[in-house]
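2 protein chains.
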Amino acid sequence: MMNLKFNQEGLIPVIVQDYKTGEIRMFAWANQEALEKTLQTGYAHYYSRSRRSIWKKGETSGELQRVVEIRVDCDEDALLYIVEQEKNIACHTGERNCFFRGIDGEKVKKVLPFETLQRLQEVIKSRIEEKRENSYTYKLYTQGEDRVLQKFGEEAVESLIALKNGEKEPIKAELSDMLYHMLLMLTIKNVDVCEVLEELASRFKG
Amino acid sequence: MMNLKFNQEGLIPVIVQDYKTGEIRMFAWANQEALEKTLQTGYAHYYSRSRRSIWKKGETSGELQRVVEIRVDCDEDALLYIVEQEKNIACHTGERNCFFRGIDGEKVKKVLPFETLQRLQEVIKSRIEEKRENSYTYKLYTQGEDRVLQKFGEEAVESLIALKNGEKEPIKAELSDMLYHMLLMLTIKNVDVCEVLEELASRFKG
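Just so you know, the sequences run in chain order A and B.
With the UniProt record's numbering, the residue at position 9 of the first sequence is 9, and numbering never jumps.
With the UniProt record's numbering, the residue at position 8 of the second sequence is 8, and numbering never jumps.
Bear in mind the hints are in silico, worked out from the structure with no lab data behind them.
Note that the structure is predicted; figures quoted are calculated from it, not measured.
You may find that some hints are simply not true.
Simulated pairs of lysine-lysine, DSS-like, Cα-Cα distance not exceeding 30 Å [as the list claims (entries may be wrong)]: (1) B/Lys164 / A/Lys125; (2) A/Lys110 / B/Lys189; (3) A/Lys107 / A/Lys125; (4) B/Lys151 / A/Lys5; (5) A/Lys139 / B/Lys168; (6) B/Lys164 / A/Lys172; (7) A/Lys168 / B/Lys125; (8) A/Lys189 / B/Lys168; (9) B/Lys5 / A/Lys109; (10) A/Lys164 / B/Lys109; (11) B/Lys5 / A/Lys151; (12) B/Lys168 / A/Lys5; (13) B/Lys172 / A/Lys5; (14) B/Lys164 / A/Lys164; (15) B/Lys110 / A/Lys110; (16) A/Lys131 / A/Lys168; (17) B/Lys87 / A/Lys189; (18) B/Lys37 / A/Lys172; (19) B/Lys164 / A/Lys107; (20) B/Lys110 / A/Lys151; (21) B/Lys110 / A/Lys87; (22) B/Lys87 / A/Lys110; (23) A/Lys125 / B/Lys37; (24) B/Lys168 / A/Lys131.
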């Protein structure tokens, strides 16, 4: 283990990032003991400055954080926990993460580029589970997988034509369509897009 | 602006995340003035606890951080700057981000799921710029765009067949191939995969 620099209260800041979406789930603090418990158990532990005690995230709520990896910053005075979030809720307010408002106080609606595929697949899953009648996704889903595959194939061909033509707007539009249908088809086959991206990542050196 | 809680030193922690890749570029601190300068200029400013002064990130190195968005956590005592990083370097060590080591002190090699497409496109760009002879990417690139498009089309069809068959490993393998050739073709056409993901994200409510 590295020679971590804890502050005068014996604490080190912890950034908590989601392994799949990349969103910042929380910001918290750890002391030596919280870090050791995290390493021993594989689940995120922090130090509460208000309660002056160690806490295991999600111990009562079930919103546990399985720690995939811990990284340390260049000065060795900040930690990054990369986690898988149980129940998809990290904030005590019930929000999926603690950074749900902008500096203006308004709730953030924007989905960021890096989280787009994973978050869209979440939406697709929920449309199907809810059987939402007025949803394009649910309607297409009910038409069966051959119809979804046919749409995927059509959009792949349209993407190819747009790429050949080389104009940016059609390229963006057609590839978006193709990726959406890819996500729907992956959902039908119970494959998480994260698993595809893991496979792709394993093939190259960053 | 929200009623932010600065600590007894007048500081608030700032998580700095890349807009495109989602990687955590840095962890730093701001005071009221650093935050105001960030909002006024659109470029990240911080407070250095060692130098006891405001600093503009990249002022001398050129490694500026254009701030796309600022988010605030539920307790209003932590900030998230979402930035575009000039020169793709954020750490004073010359690394692309400050969290380049694991808790064991070893340099991190793993590319995380959410950053995979953007990071792979970076690699593809560099292979082409370097004209790296022993690279599959560079060789395929030199065969011309029709050959790349043909490969993209082949891999899309193979993906379709794998999805129809429904076995996870071929699905992951074929879609990885298709996405790789999509990234190469986007690179040839000077489209950033981030632009495609922005288009896709604009189509759904998260």
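Do the hints match the structure? See the list:
About 19 Å separates the Cα atoms of B/Lys164 and A/Lys125, which keeps this hinted pair within 30 Å; it holds. For the hint pairing A/Lys110 with B/Lys189, the CA-to-CA distance comes to about 27 Å; that is within 30 Å, so the pair holds. Note on A/Lys107 and A/Lys125: the hinted pairing holds, with a Cα-Cα distance of about 23 Å set against a maximum of 30 Å. About 51 Å separates the Cα atoms of B/Lys151 and A/Lys5, which puts this hinted pair outside 30 Å; it is violated.
Taking the CA atoms of A/Lys139 and B/Lys168, the gap is about 25 Å. The hint holds against a cut of 30 Å. A hinted pair counts as satisfied when its Cα atoms are at most 30 Å apart, and B/Lys164 with A/Lys172 qualifies at roughly 26 Å. Pair hint A/Lys168 plus B/Lys125 holds up; C-alpha atoms about 18 Å apart against a cutoff of 30 Å. As the CA atoms of A/Lys189 and B/Lys168 are separated by approximately 8 Å, the hinted pair is consistent with the 30 Å bound.
Among the hinted pairs, B/Lys5 with A/Lys109 is consistent with the structure: their alpha-carbon atoms are about 24 Å apart, no more than 30 Å. Distance hint between A/Lys164 and B/Lys109 is unfulfilled; the C-alpha atoms sit about 35 Å from each other, more than 30 Å. With a C-alpha separation of about 51 Å, the suggested pairing of B/Lys5 with A/Lys151 is violated against the 30 Å cut-off. As the CA atoms of B/Lys168 and A/Lys5 are separated by approximately 44 Å, the hinted pair breaks the 30 Å bound.
Between B/Lys172 and A/Lys5, the direct Cα distance comes to roughly 41 Å. Violation of the 30 Å bound is thereby established for this hinted pair. A distance of roughly 27 Å separates the Cα atoms of B/Lys164 and A/Lys164; the hinted pair therefore holds under the 30 Å criterion. Taking the CA atoms of B/Lys110 and A/Lys110, the gap is about 27 Å. The hint holds against a cut of 30 Å. A distance of roughly 35 Å separates the Cα atoms of A/Lys131 and A/Lys168; the hinted pair therefore is violated under the 30 Å criterion.
Taking the CA atoms of B/Lys87 and A/Lys189, the gap is about 40 Å. The hint is violated against a cut of 30 Å. Between the alpha carbons of B/Lys37 and A/Lys172 the distance comes to roughly 35 Å, so the proposed pair goes past 30 Å and is violated. Between B/Lys164 and A/Lys107 the CA atoms are separated by roughly 40 Å; this puts the pair beyond 30 Å, and the hint is violated. With a C-alpha separation of about 34 Å, the suggested pair B/Lys110 and A/Lys151 falls outside the 30 Å cut-off, and the hint is violated.
Proximity of B/Lys110 to A/Lys87 is assessed by CA-CA distance (about 25 Å); at most 30 Å being required, the pair is judged to hold. Proposed proximity of B/Lys87 and A/Lys110 is supported: the alpha carbons are some 25 Å apart, at most 30 Å. Note on A/Lys125 and B/Lys37: the hinted pairing is violated, with a Cα-Cα distance of about 42 Å set against a maximum of 30 Å. A hinted pair counts as satisfied when its Cα atoms are at most 30 Å apart, and B/Lys168 with A/Lys131 qualifies at roughly 25 Å.
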